[in-house]
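Trainee: What follows is the residue order along each chain.
Protein chains: 2
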Amino acid sequence: MMRTEIGSLGEFGLIRHLTKNNETKNVSTIVSVGDDAAVIDHAGMQTVISTDLLLEDIHFDLGYTPLKHLGYKSIVVNLSDIYAMNATPTQVTVSIGISNRFSVEALEDFYEGVYAACEKYGVDLVGGDTSSSKKGFIISITAIGEVPIDKYVTRSGAKKGDLICVSGDLGGAFLGLTLMEREKKIFEETGAQPDLENQAYIVGRLLKPEARKDVVEYFATEGVMPTSMMDISDGLSSELLHLCRESNCGCLLYEDKIPLAEETRQFAYKLEIDPTACALSGGEDYELVFTLDQSLYEKVKNNPDISIIGYITDHTEGKHIITRGGNKYELTAQGWNHLGGA
Amino acid sequence: MMRTEIGSLGEFGLIRHLTKNNETKNVSTIVSVGDDAAVIDHAGMQTVISTDLLLEDIHFDLGYTPLKHLGYKSIVVNLSDIYAMNATPTQVTVSIGISNRFSVEALEDFYEGVYAACEKYGVDLVGGDTSSSKKGFIISITAIGEVPIDKYVTRSGAKKGDLICVSGDLGGAFLGLTLMEREKKIFEETGAQPDLENQAYIVGRLLKPEARKDVVEYFATEGVMPTSMMDISDGLSSELLHLCRESNCGCLLYEDKIPLAEETRQFAYKLEIDPTACALSGGEDYELVFTLDQSLYEKVKNNPDISIIGYITDHTEGKHIITRGGNKYELTAQGWNHLGGA
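Residue numbers (my numbering), protein chains in the order written: chain A, 26 to 367; chain B, 26 to 367.
Hints listed in this document are in silico derivations from the structure and should not be mistaken for laboratory results.
Predicted model only: the values in this text are computed from it and were never measured.
For identical chains, the list gives no copy identity; a pair is met inside one copy or between any two copies.
Pairs of lysine to any residue residues, derived as SDA-like cross-links and limited to a Cα-Cα distance of at most 20 Å, are as follows:
hint, residue 1, residue 2
1, K159, R126
2, K176, G59
3, K160, G88
4, K159, F85
5, K45, H267
6, K160, S124
Isolated chain A, as found in the complex:
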């Protein structure tokens, strides 16, 4: 396999090399890569901005994360924040810090993933920064989007009686991570090749998540405006507690309504973990949790991508979950680490 040293291109050469086929797709992109700044014209729309810093061995492990997947996921998790505002992403900037342990070819893999995500979601790469680092791979992404005036949705608008909904299914990414960490440990101890047990679904949920463009488009088509919304990066419990605090309200969830993929459920039982706990406390599913006025029930009840999992209560009633067995427990943010995973 060919290895081109990054130093052989120089910083500006490297940027030119990595962006040489970069074409813009949005009319809002006026000036793209290559100037002091990018210029964007969201004529008559509001601009939405979100940014993330991703660090090697904190947010990702290159031991089991292919660089192309990492590039793809880095973009997707930022776009997810834009969709979580009920907005449409239009541009991204990508900054990376890299040590000389990475070759130009390795960066090409990373950018292949970046461009694949940009293509799929229709966003333009409009800028960034490339720097050498002493150690480790550092990624900083800023996503920019647009939303019609005052159609953005924050975390603070939920009100008593609203339906609590989530998109897709939950807990899969956490089980994918648990599996990858287990196999990494076995590999380090015994040298045995990973056995992913045909768990393509949960591994895919971890390594190649998608943002819920389709759900936000569905809202626009159906004229549905959530009262509050956020994306699920840290687990349903933690996000819902945030949303309730920002909206100054309580909530009541039903365990049997929380959507789980069959693959997630089966693998959780195999590992003797409660699949509901994976959904509540596992992170990185990048689904949307949102609240809707009850009058919108008919518009979402038959959508297979949306599950109604409970409703918003007065803040004096607290935040609770009713289990399959009919018991009522207080909802707590147990976080990603609680289940004995990474």
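Since chain A is already given, all that's left is putting chain B on it; use the hints.
Mentor: Same frame as chain A, but now just chain B:
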């Protein structure tokens, strides 16, 4: 001195702590810190975005950079990119990665500098990300600004006969760095306390640079629209070669027109370095280099903050400098390292 461990606050607690006094100043800031993304309304204006990644021991040395100054400078260098588009900065996002060697108090110092710069330049802190890092201090800043429709200025509009202008004076930051590196080396070898020789000017140029808000405001007041512009972060030569390449033109500079502060000139001679070389190849001055149609000569000739240093030629004529002695040399991008500095 008090030391509060970052872990004692948790990620969300830390963000709340660092942003608890954050107030927005711009009507364009609709949603600020605390949601999935910020919402900005540049009603009828175009949005300008620039981003930078700053890494410890690559871009800054905490051995002689106070954290408050680092916070200030991190913001200013990004705002400089927005001004270099002839735009007005309105918002910033600040993401940091920090190891547990930093305390909450250390981060408060950093943010004190961030807020001081935001206050001075009238921009709002609207988002960011806080993460632990394995090692080192990682800073990623995105600056957002606005410009009236199509009044942005790129690097590609210079044309034959245009005046080449720079703001302020050049070379000081490079000499400040040279001095700090020298004193650091002496300290490491002998333990002797730094002797900054009352070089407040050049040390200030390095540690507390300012962005040229005033120059862009002057353009607006006087109805001056540069044909091209960029900020000087890597040295005048390198930036001018960029500008000429992007504009497909040549240039002719006059050495005796390049603005140098008296402090810069004297300290360069003391170190037996050519001060012109500091201006051409030293970086981090964050002044603006821009080109103007000759008809605007009267509007800038008496502005003490603007120096006319040459003019744009046809690209077939190449890029040259005429020295004080009357010799003509080709301009080359020697970069920051050429002079034997850091």
